[in-house]
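Chains P and W, in that order, are what the protein sequence lines are.
The opening residue of the first sequence carries number 1 in the working numbering; numbering runs sequentially from there.
The opening residue of the second sequence carries number 598 in the working numbering; numbering runs sequentially from there.
Think of the hints as simulated: they come from the structure by calculation, not from any bench.
Hints should not be assumed to be uniformly reliable.
Unchecked claim - Computed from the model, here is a short list of chain P residues facing chain W with C-beta under 7 Å:
hint, residue
1, 12
2, 36
3, 38
4, 173
5, 197
6, 201
7, 243
8, 246
9, 455
10, 456
11, 457
12, 479
13, 576
14, 577
15, 580
16, 584
As the list claims (entries may be wrong) - In silico DMTMM-like pairs for lysine to aspartate or glutamate, Cα to Cα no more than 25 Å straight-line:
hint, chain 1, residue 1, chain 2, residue 2
17, P, 527, W, 933
18, P, 527, W, 662
19, W, 1124, P, 122
Think of the CB as a built atom: it goes at the ideal place given N, C-alpha and C, for glycine as much as any other residue.
Number of protein chains: 2
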Amino acid sequence: MRTSIATVSLSGSLTEKLTAAARAGFDGVEIFENDLLASPLTPEEVRARCADLGLSIDLYQPMRDIEAVPADEFERNLRRAEHKFRLMERLGADTVLVCSSVSPLALDDDALAASQLRRLAERAHDAGIRVAYEALAWGRHVSTYDHAWRIVEAADHPALGTCLDSFHILARGSDPKGVEDIPGGKIFFLQLADAPLMAMDVLQWSRHYRCFPGQGGLDVAGLVGHVLRTGYDGPLSLEVFNDVFRQAEAGPTAVDALRSLLVLQEDAGVSAPPAPVVPTGIAFAELVTPDVEPVTELLEALGFARTARHRSKPVDLWQQGGARVLLNTGPAARRDGTRLAAVGLESPDPAGAAQRAEALLAPVLPRRRAPGDVELDAVAAPDGTELFFCATDRPGLPSWTSDFEAVEHRPPTGGLLHVDHLALTQPWHQFDEAALFHRSVLGLAAQESVDVADPYGLLRSRAVANDDGSVRIALGVGPAPTADEAGRAQHIAFATGDLVAAARRFRDAGGRLLPVPANYYDDLAAKYALPDADLEAYRELGILYDRDAGGAFRHCYTETVGRVFLELVQRDPGHRGYGAQNAPVRLAAQHGRRPVG
Amino acid sequence: MRTSIATVSLSGSLTEKLTAAARAGFDGVEIFENDLLASPLTPEEVRARCADLGLSIDLYQPMRDIEAVPADEFERNLRRAEHKFRLMERLGADTVLVCSSVSPLALDDDALAASQLRRLAERAHDAGIRVAYEALAWGRHVSTYDHAWRIVEAADHPALGTCLDSFHILARGSDPKGVEDIPGGKIFFLQLADAPLMAMDVLQWSRHYRCFPGQGGLDVAGLVGHVLRTGYDGPLSLEVFNDVFRQAEAGPTAVDALRSLLVLQEDAGVSAPPAPVVPTGIAFAELVTPDVEPVTELLEALGFARTARHRSKPVDLWQQGGARVLLNTGPAARRDGTRLAAVGLESPDPAGAAQRAEALLAPVLPRRRAPGDVELDAVAAPDGTELFFCATDRPGLPSWTSDFEAVEHRPPTGGLLHVDHLALTQPWHQFDEAALFHRSVLGLAAQESVDVADPYGLLRSRAVANDDGSVRIALGVGPAPTADEAGRAQHIAFATGDLVAAARRFRDAGGRLLPVPANYYDDLAAKYALPDADLEAYRELGILYDRDAGGAFRHCYTETVGRVFLELVQRDPGHRGYGAQNAPVRLAAQHGRRPVG
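Extracted from the complex, chain P is given alone in its bound form (with noise of 0.2 Å):
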């Protein structure tokens, strides 16, 4: 289907609006008033730039409090409307939205908004125009689809149909199924938002928190599903008023955006983009370094041997039973510091994973081997990662490892099991985005965002996660855009069968804990009646303990390398957190550690 998106989604001046939804890839805008009387761009220049970069105009939009008022305050709006108009000629667009009227001097009156509409359209249908009449939720009168629909059929003239908004049909909780009673052919426009399931005033909710389907909690695809059967065949229109995307960079806001609609009409059911191929673990995490020995010593108190060399790049492979840690200690490494900068995802069909990986517009990156080296697929996530999708050392498929040559080494000896999980800082403006982008490309189901309060701000985290728990990443972002974003940490947590054993190896090999204030333990003690042997234990370690009705979760932490810190976890197999509830003592810990300037 033809894609489109309204301007007022995207930050910046006209024609930076313009040339990221092109890029991204849409076929059309909806022009928001505002943006073009904030342009220095005529209407014809408009036209002309939109021609050159392969873009209708869909929608001009919106005019306000035109109907079902007093008949002098009508003809002003008439007088208005004909303005519009010949500005509409001038860009070359064809449909006007027209929003239920706010104003206090609209009448409770469906006949005359009927017989005014009428007239606009007749005006309208002169100029070459189509009037698409919408439902504001928060209407004066009008605020709901079938209502608006109503007074549609009423006016009764080919140039005057209704505006569909998924935002102002399921943020009233009105039921989408009527949809299907309108004539696909009425239906002039369809826009589309999500929004995160907030209770509170409709008009604030809509203004400030609305985000691209799939990465709230409506039903959009529902939705679209119900318009399509009408027969409905005009474009899916975003229009999203967010705050974050209005400081967000309109190039990657654009590309999430159309990613966001390739997803819906897969919900939908009315594309089908390759099928999602669902990692199977963590094959690997690569940390690059340009400091190698804090790492290293960090490793091996851990228990891992260095148990591979890549053939032709400086590369490590570190190993412990299912954990293996890749040590990149190439050029790109003096770039950034220490930092996770690779995650290689076991999956069942590498290429189906990167086909539908391309599809869905994740970044492909460039192969950058040497001759004889494995053939591997990567994407980067929205934060930058590089994703790899791999198979280890399984039959009929090329694995990864072949482009390493075994080395000697002495057993792993720490417990360590494999990668419990991962924790990636997210750009601020890529949260929702982030989310989307791993349930959508890889397949992984996404939990509920949790807030954690910080020394310093709230942070705000949101797992997402395969069926077995074999693949889990806590996505993270910090309070606000700052300079310290880069700085946040990153960190690879092992999973271990025997915590405190795990722990105090760690310890004994000469590995630093972080360490956590008695008080917690204070605490625990009054909140749980764990045997004293185990307190004492956690006490002394430093280990966190959580629990719920899945069961226990207890984890410690190392000291910080770069942005690197790692975690030992020892999960019982129902607990699906990640210690939430311990993370505001871990950061305070954490921030005790900085040296104080």
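Go by the hints and put chain W onto chain P.
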């Protein structure tokens, strides 16, 4: 009255919070449990630190989900409480907050709640501790203060009282008069918070949007009045959960917090700081500049004349009618580029104004003056702007103009009458503080906050003014704390009786007006039936137009020098706005004028 603040209201480690509270001048603190848990200080060390800082620990908080539960659950809760009582002994805290239960286990059984709270109070009493029971607005069965009080009354134990919280009471719309039915001796604690009026889920509202009294829309002073009439003599304590405060520096937040309590006590009639002295005009606006030429060119083109020079400092007085601009090329100018550094407020009683400012914790600025200079009182506004309380050639008062020596000059010619308003950019974390500061310290009235769409984010603006509009200050803030913040523009708006003539004169004198897109004028023509000649003149000169029931507002802008631009304004007497609906067009035009990198 004694003042107190909950540690959760301030950012940082527990040590940082305590230090900030003490430095601001609070008498005591509520220790929020999570702050203690995350602190490396033992309870004894916290107690000693508070004693050193002169802070009492007025409350330990909160205990949750204690009451109205099945017997076995209650036994576990008692065990947990005993732990906390021992902790409080170590801390030296004698009052604990118990919040009404939100647990799904809680039963709707007031008699059970009362009997269990009584048992808790008995244990507390043995430990020398008092229990303050508070109704959370989202409590499972107990959500109103009168309900909580009925349970406390039924429990009837001397160690059990109630805690009142202005947010929980006022957010629910409860009638606070009933507070007076509670004996003052049974009100064990009073927590205070304001909040902006928002139609949203009360839990989210409380956790993220609370603010200090006087910064929101709740009648906190009214509530305090009711509480004091009961004979309550405990502390006034602030408990504010706010996402912005979590990120702000604790020091300024604590000062802001204490100021809010001082104003609250004045509003509630229990204290009488020096009365406000409302300024009666803008005596001068002072620009500092390292690059004097473009600024003098601007002032000359506007028709200002250089009428006098400071006797001892490199400061010139530029004048036109009642509009006076000081141009300071002293050492401070070299630091930050051209900016609006100080404002002279015409004051009926400069000394009295300064006394009030000092009493309300405004930082008093040192007087840097040469012998013989007039003594001027000045304080710093939250954004660092210096505010001088002064008199201009008024009998019986020293005039700031005495420090200036007239110089020969041509007569001013621009048709400008006086300063219409000043626009000052606020630090992101202190937008609400700034409005409270200007309201309480200067006695100005605050208008509603408005959102303004900049192409790169949503700005907020809030005006403060005196009754006759002779002092108007628009406080603005950007969308988020960024490095760009310091670069945001300030401006001075000058009033004229004939904007078209003034703008034309400026342009003819070589001044450059900010160009406004032609599309804006097409829209103006559609919106208002303006005479063609007016519209043509507006279009030619870049004049923006707004209108409401109070009349019209016409305005245009110069180009920006450093951080500063100037505005010319023709305001109908009844119009109270600042052209907010035109601000997006102005902002886009200003972005367009920046060199694109």
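Exercise. Return the status of the interface hint for residue 38 (chain P): holds when the least beta-carbon distance to chain W is below 7 Å, violated otherwise.
Key: holds, 4 Å
Quiz item: Within a Cα-Cα threshold of 25 Å, do residue 527 (chain P) and residue 933 (chain W) meet the stated pairing?
Solution: Since the Cα atoms of residue 527 (chain P) and residue 933 (chain W) sit roughly 54 Å apart, the hinted pair is violated (cutoff 25 Å).
Exercise. Please work out if residue 1124 (chain W) and residue 122 (chain P) have their alpha carbons no farther apart than 25 Å.
Key: holds, 21 Å
Exercise. Using 7 Å as the Cβ threshold, decide whether residue 584 (chain P) counts as touching chain W.
Key: holds, 6 Å
Quiz item: Against chain W, with CB atoms and a cut of 7 Å, does the hint on residue 455 (chain P) hold up?
Solution: At about 5 Å, which falls below the 7 Å cut-off, the nearest Cβ of chain W leaves the hint on residue 455 (chain P) intact, so it holds.
Quiz item: Once the shortest beta carbon distance from residue 246 (chain P) to chain W is found, is it less than 7 Å?
Solution: holds, 5 Å
Quiz item: Taking the closest Cβ pair, is residue 457 (chain P) under 7 Å from chain W?
Solution: holds, 4 Å
Quiz prompt | Status of the hint placing residue 243 (chain P) at chain W (closest C-beta pair under 7 Å) | solution = Hint holds; residue 243 (chain P) Cβ to chain W Cβ min 5 Å, cut 7 Å.
Quiz item: Does the CB of residue 173 (chain P) sit less than 7 Å away from some CB of chain W?
Solution: violated, 15 Å
Self-check item: Given hint residue 36 (chain P) near chain W, where the shortest CB pair must fall under 7 Å
Solution: holds, 5 Å
Quiz item: How about residue 479 (chain P): closest beta carbon in chain W under 7 Å, or not?
Solution: holds, 5 Å
Quiz item: CA of residue 527 (chain P) to CA of residue 662 (chain W), is that 25 Å or under?
Solution: Answer holds: residue 527 (chain P) to residue 662 (chain W) is near 12 Å, not above 25 Å.
Consistency note: the structure conflicts with the earlier hints numbered 4, 5, 13, 14, 15 and 17.
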